[in-house]
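Student: Residues in the sequence shown are numbered from 243 upward in steps of one, following this note's numbering.
These are computed hints drawn from the structure, not numbers from a lab.
Please note that the accuracy of each hint is not assured.
As the list claims (entries may be wrong) - Derived EDC-like pairs: lysine to aspartate or glutamate, alpha-carbon spacing no greater than 16 Å straight-line:
1. K408 with D392
2. K408 with D348
3. K408 with D388
It should be emphasised that the depicted structure is a prediction, and the values quoted were computed from it without experimental measurement.
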Amino acid sequence: MTSSDLHRRDAVTRWPMLVAATVLAALALVAWMVLATTAGPQPVFARRGVAPERSHAPDDALVLAGSGSNLPLTRALAAAYAGQGAPPPVVHTSVGSSGGMRALGDGAVDVALVSRPLHPDEREHNAYVPYARVPVYIGVHSSVPDVSLDADALLAVYDGSRVAWKDGSRVIVLQREPGDSSHAAIARRVPRFEEVNERAYQARRWRVIYDDVGMNDALASTEGSIGLLGAGDIPEHLPIRALAYDNVRPTVENIELGAYPFHKDLAFVTRGEPDARAAAFFRFVYSPEGQQIIREFGCMPLGVAAGESSP
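Start from the sequences and build out the full structure, keeping to the hints where you can.
Tutor: Next comes the structure, spelled out in structure tokens:
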């Protein structure tokens with residue numbers, strides 16, 4: 243066998259090995275990409291380093307970001323404010339209350355939107371400006387026959403010991419992510435709810451939803467489902483309704499009377515006192531027109547009427 247024949251034989255032998263190695267490397271890369279993108283839900287506010295970008299807004303625009311519970315009402319207020327000839331505020335998609343506070347601290351936004359009380363370390367140097375109290379609804383798919391739950395029934399649903407509605411249909415619980423403000427509002431009023439809810443998280447018992455829009459969609463598409471909602475009125479076009487709690491309906495009137503216990507406050511937070519742009523927008527929110535918009539969204543206006551000082 244000649245030297246050239248040996249080279250050709252070696253090349254033929256090496257070629258399948260090279261192809262196999264290339265295919266394996268490609269498969270490894272594809273597997274890494276799949277794992278990187280499907281290892282679990284990664285909501286915006288859970289991603290490190292993700293913050294709204296001021297570069298997407300005009301230099302003079304008021305930029306707001308934070309809790310998804312605040313967004314529908316805040317966007318309606320911003321649109322009405324701009325309709326009076328003011329520069330349109332920019333309201334970013336949900337980054338959560340904590341994400342909004344981080345963005346505020348980083349200077350990425352002018353106003354954080356929060357639907358929970360500030361943590362002690364968040365209070366220093368920040369101005370907390372509440373503007374609406376919103377009912378936290380125990381939402382269900384319209385197929386659910388029950389009309390009211392009490393504390394024991396609610397706990398039984400979330401701990402998995404109650405598996406059926408009164409007509410025998412299956413109970414399907416939809417949880418929000420840990421730290422969600424609607425779950426916190428229930429926990430403040432129902433002893434053991436926080437403990438039961440946390441055990442359900444640890445056991446991965448229920449599907450977890452990461453924003454109010456997602457919860458609306460999940461409830462509307464899942465017969466027998468139950469989940470918490472806290473962004474104002476339930477959209478009328480969806481097959482969702484709110485349960486009563488201890489036979490008390492979740493209305494603004496019942497919140498004002500102190501009869502319905504589950505609610506949370508929506509607030510603006512600024513770094514120090516509000517600047518001229520923020521103060522002008524806040525004044526509109528507290529105006530008769532702003533207060534009317536808040537009520538139209540199924541919320542109770544806060545601020546001056548609640549004993550807070552107006553900006």
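Student: Please verify whether K408 and D392 have alpha carbons no more than 16 Å apart.
Tutor: Roughly 14 Å separates the two Cα atoms, so the pair holds.
Student: Hey, K408 versus D348, does the alpha-carbon distance stay inside 16 Å?
Tutor: 50 Å, violated
Student: Taking 16 Å as the top limit, are the C-alpha atoms of K408 and D388 close enough?
Tutor: 6 Å, holds
In this structure, only the earlier hint numbered 2 is contradicted, and the remaining ones agree with it.
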